[in-house]
Amino acid sequence: MAQMNMIQALNSAMDIALGRDPSVVLLGEDIGYFGGVFRVTDGLQRKYGQHRVLDTPIAEGGIIGAAIGMGVNGLRPVAEIQFADYIYPAYDQIVSELARLRYRSAGAYSAPVTIRTPCGGGIRGGQTHSQSPEAIFAHVCGIKLVMPSNPYDAKGLLIAAIEDDDPVLFLEPKRLYNGPFDGDPAKPAVPWSTHPKGEVPEGHYTVPIGKAEIVRPGNDITIVSYGTMVHVAQAAAASLGLDAEVIDVRSFVPLDVDTLVASVKKTGRCLIAHEATRFGGFGAELLATIQERCFWELEAPIERVCGFDTPYPHAFEWEYFPGQARVATALARVMEVR
Amino acid sequence: MPRPSRLHVPRVPARPGEAPDFSYVSLSPAGAVARPDVNAAPADIENLSVELIRVLDDEHVAVGPWNPHLDVDVLQVALRHMVLTRVFDDRMLRTQRQGKISFYMKSTGEEAVAIAAAMALRPSDMLFPAYRQQGLQFVRGARLVDLMCQLLSNTRDMCKGRQLPVMYHSVPGRIFSISGNLATQFPQAVGWAMAAAIKGEDSVAATWIGEGSSAEADFHHALLFASVYKAPVILNVVNNQWAISTFQGYAGGEQRSFAARGPGYGMPGLRVDGNDFLAVYAATEWAAERARKGAGGSLIELVTYRASAHSTSDDPSRYRPKEDAERWPLGDPVERLKGHLIRLGEWSEEQHAALVGELDAQVVAAWQEATTYGTLTDGPRLDRDLMFEDVFKELPPHLVEQREALRRERS
Chain X
0 MAQMNMIQAL
10 NSAMDIALGR
20 DPSVVLLGED
30 IGYFGGVFRV
40 TDGLQRKYGQ
50 HRVLDTPIAE
60 GGIIGAAIGM
70 GVNGLRPVAE
80 IQFADYIYPA
90 YDQIVSELAR
100 LRYRSAGAYS
110 APVTIRTPCG
120 GGIRGGQTHS
130 QSPEAIFAHV
140 CGIKLVMPSN
150 PYDAKGLLIA
160 AIEDDDPVLF
170 LEPKRLYNGP
180 FDGDPAKPAV
190 PWSTHPKGEV
200 PEGHYTVPIG
210 KAEIVRPGND
220 ITIVSYGTMV
230 HVAQAAAASL
240 GLDAEVIDVR
250 SFVPLDVDTL
260 VASVKKTGRC
270 LIAHEATRFG
280 GFGAELLATI
290 QERCFWELEA
300 PIERVCGFDT
310 PYPHAFEWEY
320 FPGQARVATA
330 LARVMEVR
Chain P
0 MPRPSRLHVP
10 RVPARPGEAP
20 DFSYVSLSPA
30 GAVARPDVNA
40 APADIENLSV
50 ELIRVLDDEH
60 VAVGPWNPHL
70 DVDVLQVALR
80 HMVLTRVFDD
90 RMLRTQRQGK
100 ISFYMKSTGE
110 EAVAIAAAMA
120 LRPSDMLFPA
130 YRQQGLQFVR
140 GARLVDLMCQ
150 LLSNTRDMCK
160 GRQLPVMYHS
170 VPGRIFSISG
180 NLATQFPQAV
190 GWAMAAAIKG
200 EDSVAATWIG
210 EGSSAEADFH
220 HALLFASVYK
230 APVILNVVNN
240 QWAISTFQGY
250 AGGEQRSFAA
260 RGPGYGMPGL
270 RVDGNDFLAV
280 YAATEWAAER
290 ARKGAGGSLI
300 ELVTYRASAH
310 STSDDPSRYR
320 PKEDAERWPL
330 GDPVERLKGH
340 LIRLGEWSEE
350 QHAALVGELD
360 AQVVAAWQEA
370 TTYGTLTDGP
380 RLDRDLMFED
390 VFKELPPHLV
400 EQREALRRER
410 S
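Residue numbers (numbering that gives the first Met the number 0), protein chains in the order written: chain X, 0 to 337; chain P, 0 to 410.
In isolation and in its complexed conformation, chain X is listed as follows (with noise of 0.2 Å):
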């Protein structure tokens, strides 16, 4: 096993992703010569070359759009949009095409496309650098759509959306790119190699999409979360002495239904945490399905722990993630219902 950070991880998977299969490329902004302002791509251009891995005008349309030809002609691309914030002029192209070409053209047409994405705030980005937009592509049918939320899971989630003959919108959470961040911005970083999950295998290996995971077993509490939120739950519970049961959603699209709404049976509470808007956003999704299929054992209303339904402000950056702290008095409200 190796050592890797987030970004590593990512560049690894395609690094295997392009040996493994002539017909996989990379296109984006700054995405091969320089290879990517992340370092996500780094190094791939100069070994794969310039047809495999291809700098793109700024148009995220365009990027898309060519993306859908070139897998309809034969080829697996992976385009990365550099920052989620910068995905809206591709929204027509996903949307109404990506999404729904096998549906529409019935399975004669389709583009097994991977689109890859830095989401999330905390690296002062304001509010265009910093969003988190995985419910406005839940929304749509026809593409599958995934977050890791540490560096085993990204690697091997990526190589499953690449070798996936459908669709898969790939949100990084750009915060967790160079360590686990558990909401303190004022704690000196740490590094993915303090993590277990921080442990990489160098070759192939695939994480299904459609399985959640259960990041830590307990009884007290289901925690329900995603990308950076996991860490900050986690740390919230301990903060509290809570025996939770945190869970790492990893795939919104298909969501595994399954393992939630077990665990919410064995645990009789949730808390549901995302760095997103809360008004429509994916934890809405998440509550109304567990509260559907678990409300005859639960003891307590299920509680969501958001971003506001503010755009994610520069100066107040910290008042708005959801830090420990909101974590925290969120989940000892619902462990105080009897």
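Calculated directly from the structure, the hints in this document are not laboratory data.
Hints are not guaranteed to be accurate.
[Stated by the list, open to error] Straight-line Cα separation of at most 25 Å, PhoX-like style, residue types lysine-lysine; simulated pairs:
#, chain 1, residue 1, chain 2, residue 2
1, X, Lys-196, X, Lys-186
2, P, Lys-198, X, Lys-46
3, X, Lys-210, P, Lys-392
Following the hints, put chain P in place on chain X, whose structure we already have.
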């Protein structure tokens, strides 16, 4: 005194009740435009985006350097495809008016655009049409019954009941699935062509867009990517003057030709008489040869006129003069090719009438067969479980659950 700024509103030449006015269409005499080498530098051939490439003159004679010198039997096949397109369109419009299908879009007046391009390309070339190039299907060997079953959303619908009528596709014919969202096919065709180049294949992608939807960002993405990577692609703008009720001036056609977008992006732009089968054929052949030689993509503006309504939901008498189509200065593509063959002594009015009758009978017979597989309103119907398939390659658990729920609801 400097004049204050003033919002310009594009001028529409004529509205209902006014005399048709096509003085805004700049024409070149047939045969007048030089045909450059296919490897010419875009900067050296910008004149092609201003002038109008024409081969058939007013006497139906093929003239000038763009004459593709096609054999008579090729011309007769072309005429057959064009007449079939028109007859098919006319019959399908009638079925819509009778309530048998929900919607239809005719290509009347624009038949040469699709037929000539498809005939000039190789069967291995990939086509990314908009919704008014049904002629591609005829050239690529589609069965009439299969197209009609799509229109009917019946048990043999190639789209399994998921698409509006006319949103066909063909895998053996290498025709991409048509989208109801405009312009999206343009960058996709470029991506397909980029992949062909990456793989070292010599296939070309061709795509079509209306001049109206050339206003979309997708159009500009396509031109940019085609130019940056010199993708082997032919980007066709069908300038039929009208986007539903919106005149082409509102898509930016008032100040410069649509073909001139090509040189703007560093690729050739060819302005072509879209109602001249020979000119469309020759321009497509030129662009395809250029693409196959690695010199990159071309933009072709096909100057034509949408002689019918936008769709069965449209009424053009509300926004343009009724006599517009017959006064269109580039005439009718079927009549012009027919006139050319007659002029060559290889066709006659009698043969033409017989051909129309023969093709109409074929269409009627195909319709009778197609309706035996069901219509939108009369059985047999598609299995409703199909609604849940092909969202993903394999059915995920939540769709299995929803399929079962529908089964229970309907049992």
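Going through the earlier hints one by one, which of them does the structure break, listed in rising order? Those not satisfied: there are none.
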